[in-house]
Amino acid sequence: MKKRLYLELENCIGCRSCLAACTQCGGHEERNRNYVYDVNPLVNRQTMPLMCLHCENPACARSCPAQAIQIHETGAVLSALVEKCIGCQNCTIACPYGIPKFDQEQNLMYKCDLCIDRTKDGIPPMCASVCPSNTLQWLTDEEIENKKKQFNLDNGKWVTSMPYLEGETNVKVNLPGILQGITKLF
Amino acid sequence: MQAKAAVNQKTGNTLNNAFASHFAKSMFLSVTALAILSFIGTRMFTHVDLNLYGYMVGTIVFIGGFFYRFIAWGERPPTKLILKKGLKLLKRKSTPKTSVEHLATYNFIWNRGIYRWTQHVLIGWGCILSCFVTFPLVFGWMYFTMDDNGHYNIIAMGMKVMTVPADGIIANLSYNALNITAIMVIAGVCMALYRRLKNMQARAEQNFLYDFMPLYMLLLVSITGLALTFMNIFLHGAGQPAMSLIHQWSVIITLIYLPFGKLAHIPFRPMSVLARNYREHYAEQGMKECKVCGDQFVSSEQSKDVVDVLGVNDIEFKAKEGHHLAEMCLPCRRKYRIAQFSGFPTHEVKVKEANQNAKG
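Top line first, the protein sequences correspond to chains A and B.
For the record, in the first sequence the residue sitting at position 3 is 3 according to UniProt numbering, with numbers rising by one throughout.
For the record, in the second sequence the residue sitting at position 91 is 91 according to UniProt numbering, with numbers rising by one throughout.
In short, the hints are calculated from the structure, not lab data.
Because the structure is a prediction, the values reported are computed rather than measured.
Straight-line alpha carbon distances no greater than 25 Å define the calculated DSS-like cross-link-like pairs of lysine-lysine that follow:
(1) B:Lys352 / A:Lys101
(2) B:Lys84 / A:Lys84
(3) B:Lys350 / B:Lys291
(4) A:Lys3 / A:Lys148
(5) A:Lys101 / B:Lys291
(6) B:Lys304 / B:Lys84
(7) A:Lys84 / B:Lys88
(8) B:Lys198 / A:Lys120
(9) B:Lys80 / A:Lys84
(10) A:Lys84 / B:Lys262
(11) B:Lys198 / A:Lys84
(12) A:Lys101 / B:Lys359
(13) A:Lys101 / B:Lys80
(14) B:Lys262 / A:Lys101
(15) B:Lys304 / A:Lys84
(16) A:Lys101 / B:Lys318
(17) A:Lys2 / A:Lys149
(18) A:Lys147 / A:Lys2
(19) B:Lys97 / A:Lys84
(20) A:Lys84 / B:Lys85
(21) A:Lys101 / B:Lys350
(22) B:Lys304 / A:Lys101
(23) A:Lys120 / B:Lys262
(24) B:Lys304 / B:Lys91
(25) B:Lys25 / B:Lys84
(26) A:Lys149 / A:Lys3
Could you build the full structure based on these sequences and the hints that come with them?
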């Protein structure tokens with residue numbers, strides 16, 4: 001059963017477990033590849049995670065002169081192939097969400113690969129398996145569909161992903177109802 | 001037609017018009033160059049080592065595959081751009097230093113780990129040195145003659161370079177050059193195979209055809225090569241003819257497969273020098289300022305190029321404020337996305353982003 005990473009942004013409590021877990025993924029070499037941001041840092045404590053959304057038409061791969069960014073059969077947009085990445089950093093400029101990180105010393109780009117060593121076997125990525133607040137979840141399309149029904153939807157405010165993103169993505173994002181003043185019916 | 005002819009006249013590029021395609025031109029030029037060099041090197045084809053002609057045919061097939069792959073790759077918009085601009089910048093002062101660091105000493109791999117560097121140096125230099133020995137012998141650019149008994153003349157490009165005693169150091173190094181490189185390659189390949197069994201990232205992404213096959217082929221080439229030496233020394237040449245055919249087969253298959261497997265990074269990798277020059281040169285020309293915070297984060301030229309390349313791919317990231325998303329620095333671009341989610345303009349709050357690097 002194909003599962004997706006699903007983000008329910010308003011649940012985030014800013015614990016940064018996802019960052020810590022990311023460092024522990026095999027092959028990530030103890031460096032995290034995701035982000036957690038304060039929404040309004042001087043006023044309140046709301047945070048939101050941001051990670052690679054694994055676009056269906058990834059700008060990073062389109063702009064890569066070396067074809068170093070491969071797309072896995074599960075739809076995950078992989079980190080740069082170490083032998084191909086030439087260090088031009090086109091991908092960091094192209095990504096609409098500013099996700100790829102670049103290591104000057106290793107002359108190598110690295111980005112979220114959706115913990116491909118886990119997700120290719122259906123095991124949730126590190127970030128989703130540790131998230132204590134269900135911000136990051138690992139769900140089937142059916143479960144995401146059920147979530148959609150569970151919320152108060154006829155107001156047209158519920159949206160996953162589009163149009164708040166730049167294109168269709170493999171990771172689905174649920175927009176934060178609390179901040180938009182919409183009640184979620186749990 | 002007339003318009004096309006007029007364009008041709010205007011550019012006056014008659015050489016390109018003589019060929020049906022880029023591929024045909026490249027093939028013709030390189031095979032001609034090989035033939036001319038062999039003609040000179042073998043003193044008008046009088047010293048061709050026909051024992052090695054299979055390698056010659058294999059090399060020409062390899063060149064065909066190489067151009068097929070390389071030209072298709074070079075036509076991709078981002079690749080074409082970096083190749084074109086990078087080649088113009090080859091005269092930069094930093095080019096020799098960058099080239100040595102990227103292509104000979106592999107400093108960046110050292111920074112990825114000493115194990116991986118050792119493995120790469122053993123395989124990389126093992127293969128490069130083998131090529132320096134093999135191809136001159138195949139095409140007759142280097143051969144040996146003997147005038148006085150016990151002294152070899154080394155002939156390079158048809159000219160006598162030096163005369164060495166047949167039991168001296170240089171002669172012995174020449175006889176054993178391929179044995180030494182074979183041992184380097186075997187050691188390196190074993191290290192690489194071990195890493196592929198142990199490293200989680202490698203295990204997740206590798207597949208047989210792309211990652212393992214080139215390693216097994218290098219192993220086969222090296223072992224059959226060493227077996228030839230073994231048969232000559234210890235078995236008085238028994239089985240040598242059959243083994244030399246197996247060795248030849250393995251080398252030719254490796255060569256032909258090279259542009260399509262992992263080893264394709266050998267001919268493609270020099271582009272990292274072009275990319276470095278491109279980044280350094282245009283960074284000196286002028287930096288792009290982030291549309292939100294004003295930080296200089298990339299050269300104006302690269303920013304423009306990436307926007308163009310995305311445009312060619314029908315990808316247009318326009319922000320509501322009118323600028324392209326690529327015109328924002330990375331932290332601002334991330335905050336801008338948070339702002340799209342929450343409806344609050346996070347990117348406009350003048351606070352540095354919180355530390356995003358967890359300690360593993």
